[in-house]
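Colleague: Those protein sequence lines, which keep their order, are chains A and B.
If you count the first sequence from 1, position 268 lands on 268 in my numbering, and the numbers rise without skipping.
If you count the second sequence from 1, position 447 lands on 918 in my numbering, and the numbers rise without skipping.
It is possible that part of the hints are untrue.
Partner residues aside, some chain B positions facing chain A, computed with beta carbon under 10 Å [said to hold, decoys possible]:
| # | residue |
| --- | --- |
| 1 | Asn866 |
| 2 | Leu889 |
| 3 | Ala922 |
To spell it out: a stretch of chain B is covered by chain A in this simulated footprint if at least three of its residues, at any positions, have a beta carbon under 8 Å from a beta carbon of chain A; those stretches are [to be verified]:
| # | segment |
| --- | --- |
| 4 | 491–502 |
| 5 | 828–838 |
| 6 | 850–859 |
It should be emphasised that the hints constitute simulated quantities derived from the structure, not laboratory data.
Positions of the beta carbon are idealized from the N, C-alpha and C atoms, including for glycine.
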Amino acid sequence: MADAGLAESVLERLEKLDCGVDSQDVASVLSVDHQAIVGAVKSLQSLGELISAEQRSSKHWELTAEGKEIVEQGSHEARVFNAIPTEGLSQTDLMKLPSGKVGFSKAMSNKWIRLDKGHESGPRVFRMVESIEDTVQDKLVQVQKGLTGKLDEKEKNELKKRKLLSEVTVKSYWLTKGPSFSTTVTKQETDLTAEMIASGTWRDKKFKPYNFEALGVPPECGHLHPLMKVRTQFRQIFLEMGFTEMPTNNFIESSFWNFDSLFQPQQHPARDQHDTFFLSDPAVAKDFPMDYLERVKKVHSEGGYGSQGYKYDWKLEEAQKNLLRTHTTAVSARMLYKLAQQGKFTPVKYFSIDRVFRNETLDATHLAEFHQIEGVVADYGLTLGDLMGVLHQFFTKLGLKKWVEVGNSGVFRPEMLLPMGIPEGVSVIAWGLSLERPTMIKYGINNIRELVGHKVNLQMVYDSPICRLDS
Amino acid sequence: MPTVSVKRDLLFQALGKKYTDEEFDELCFEFGLELDEITSEKDIISREQGDVRAAGASDVVLYKIDVPANRYDLLCLEGLVRGLQVFKQKIEAPYYRRVGATDGKPQRFIITQETAVLRPHAVAAVLRNITFTQERYDSFIELQEKLHQNICRKRSLVAIGTHDLDTISGPFTYTAKAPDDICFKPLNQKEESTATELMRLYKNDSHLRHYLHIIEDEPHYPIIYDSNGVVLSMPPIINGDHSKISLKTKNVFIECTATDLTKAKIVLDMMVTMFSEYCAKPFTVEEVEVVCPDGSTCLYPDLAYRKELISGDTINQKVGIKESAESLARLLTRMCLKAEVTGKADEIEVEIPPTRSDVIHACDIMEDAAMAYGFNNIARTKPKTYTIANQLPLNKLSELLRLELAAAGFTEALTFALCSQEDIADKLGKKISDSRAVHISNPKTAEFQVARTTLLPGLLKTLAANRKLPLPLKLFEISDVVLKDDTTDVGARNNRRLCAVFYNKIPGFEVIHGLLDRVMQLLDVKPSRDQGYYIQAASDSIFFPGRCAEIISHGKSVGCLGVLHPDVINRFELTMPCSALDLDIEPFL
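Modelling step: build the complete structure from the supplied sequences, incorporating the hints.
Modeller: Here you go:
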């Protein structure tokens, strides 16, 4: 504490009073600057409820430096009057006096003096009256005595205009005794120490209050990436719904699994160089399941399984082309084919969340690679109503129904399933969406580059909240 | 999804009803379309080129409607209106008929052997006694353009040519000739030019230049002549000026040349089914005899109707509804799939018209039934499929490790799987030829040349982009790299790796080493020469000499760690020392 003595003096002063006291009065009684009292009050406040201090402000009139000078030496006009002898004074000499200029015009308008312009020795000033009454000085003396009330508003404003008086606002405190009033001040401890605990001295000590307005020290820790946090939540949702995770750790696919097996014709625009990344090394895939491949070829080029087919010249060379998978549905196709090969069909629910690649034009919401979320259900007798039901459950878990718009859904075509050997009567429903889009919505990010890739600001990663999709 | 733009007032006039925007939007939704935008030519020009340019443009209201990709019958006003009117049961779907020529002698279109290597297929038809207005004419041209962009795959699969039949005389010959031997006055040009000159001329044509590549490098170009040697067209680039159609044209000759006959038939069927509406005998199309190089002949347009039998129960089961066969037949008829119950159990006979080339399987019929029923009217149900969920062990391990690495004070980065050759080779002091990287054949920029073989460059680039943040920077990523591997069908496989970097004023080898020890502790691998892991000195161009160690676990090399080589630090535009850990996590599954 800066001045414990002063604080105790304030307390002693307060003890003698029953009601309360203004800090300004305390200052004048103790003859110290008001600011020092304010400091003492503040430090007393920090000690708990020793005193209670209510801030108030009051206005009063105070003499300016010039006003004080007038109290001591009289008004400028009086000084001019007093300076003029009976034989008069030349105007030039009068103007040389310190109060000359101001005092001359005031004394003139008061008709205390007169100016003889035609005097033989040049313009000369003479007294017009025998004696004067210096009211300005009198009024200022009143103010200095604290008797401002004796002046009316007009008089005060007149003096204010002459810059002899000024109106001052003073902030002060109305002090009263607090619930735990005492006249002694105990030194405060900053914090609890092991020693105090051991010795028990903490019982007698007062502790400095904490500043609960300040932020704490951030913990030293690592952070998870927001997109990965959202991925974790989507994984969780699928697991809660009983979906098994597919092995999507194969970014390189053949056109066969990425397109042909899905009954995507070989002239489809998605298979264009402008949309898909093809590989130059390793350029082609091998070891296709040949009997299945023949069935795929046939359903494309001739039809079958109740389908007209696309009736075009299906080429193995197109199917062999390696590429960076454009969707995880390529993996779903492999999984469904594998399922069909196991002999007896068993219903499955699959999901995956992994990277896919598009050789597209890049913009604020599109990158060449993004994460695709995919869900697949295969069972006998699934209906469109089931697809809509599953989607509804899924999107309800996400908490936002409008997110339906960010995805695609459908029923896999028989031309895809039957050549694989999936039994007739089994329907496969599926849906997909990107992971980036809901993450951008969730975290309020407009440009995908601020979310994904090496250019992201790590501060964003540090600061991103945990992800709860349903809240 | 193609977008069709139609004038609103014209559309409402044809539909015989005015809709509010909301009502029309609703109608579109019910019919499987989407009203994408309400605009005007003026709005479009003003948005793209500014208000000044838009000053004189039309402010007639345009509806832009998204049409499903394979519904070519909805790509023009005529088709849209017909589809909606049938859907609203205002009209019955018309029956499209191929008819013989009035004099009994069909126009003949002869394909010569020369076309075989290039563009071997062609089909043709005649629209007799048609009446064009400006709107109909514009729509006719616009439909060709829409078909060219969609099913014709930018004219590569099919190219359409339309001609004023009264300006030419059959039989027509479709052949191929050397570009210098082809000379004619092309559409809207004043002079005759050779094909070679034309190709040069069109190099700068904003529209046609996109099609030149289809034939550019061929020794011969496809060309169609009439019996007097008048050039009809040089497909797939340009028509001749001589036979161009106008508002006054009464008889239209349509030819489609193609590399895919099925699509050529569909395209011709679309053109004639849509515009035969304006013929003196509506919905009739005059046949053309196409003579193949082997002498065989075919009559076009195809206009084939196909019948499918489907049971009402099957539809109900697949959609999840319980409608009578009669009711389902009515729903299908509203989708231009004329359907009747046969009387045999709940069997429905569905007639697929030539306009519905998208219906190739019973499942397409079921989808239309569902749409006509109204997707929103189908009760949402929970599948009874009972399954136990399993995580992929590799992903489960990755998820658990990610949390622990963050707990150890490292922050997760998310970097791209594709990068430049430089990132994984030159910058790391390695040769690309020594890497097992897979190479992309068609990258648009260097950023997509290869799939990454290591996570390190991505992390170093992340550091470089965040140099302003307080040190130390501690980053990690657990993700896949791609390596060539002959043992897989595609010749490559993913490899899940853990990479971490420590970037500070001091190298911090002990920090990254401590992280390795912590990861091994989490994986329950003890420090031991025989039954656990240890590190041993190694050398690698990535690391500073003497500051690199190989990680051996159970006798196998599983990764490395060390202090980065100053050259590597510089090449990634970093300024501070940096230590790194790179670990294959697959052996720990």
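Colleague: Compare the structure with each hint and give your call.
Modeller: For each hint, the structure was consulted:
1. Asn866: Interface hint status for Asn866 (chain B): holds (6 Å vs cutoff 10 Å).
2. Leu889: It holds, given that the least Cβ distance between Leu889 (chain B) and chain A is near 6 Å, below 10 Å.
3. Ala922: holds (6 Å)
4. 491–502: Coverage by chain A is violated for the segment 491–502 of chain B (0 residues, Cβ < 8 Å).
5. 828–838: holds (count 4)
6. 850–859: holds (count 10)
Of the numbered hints given earlier, the model fails hint 4 alone.
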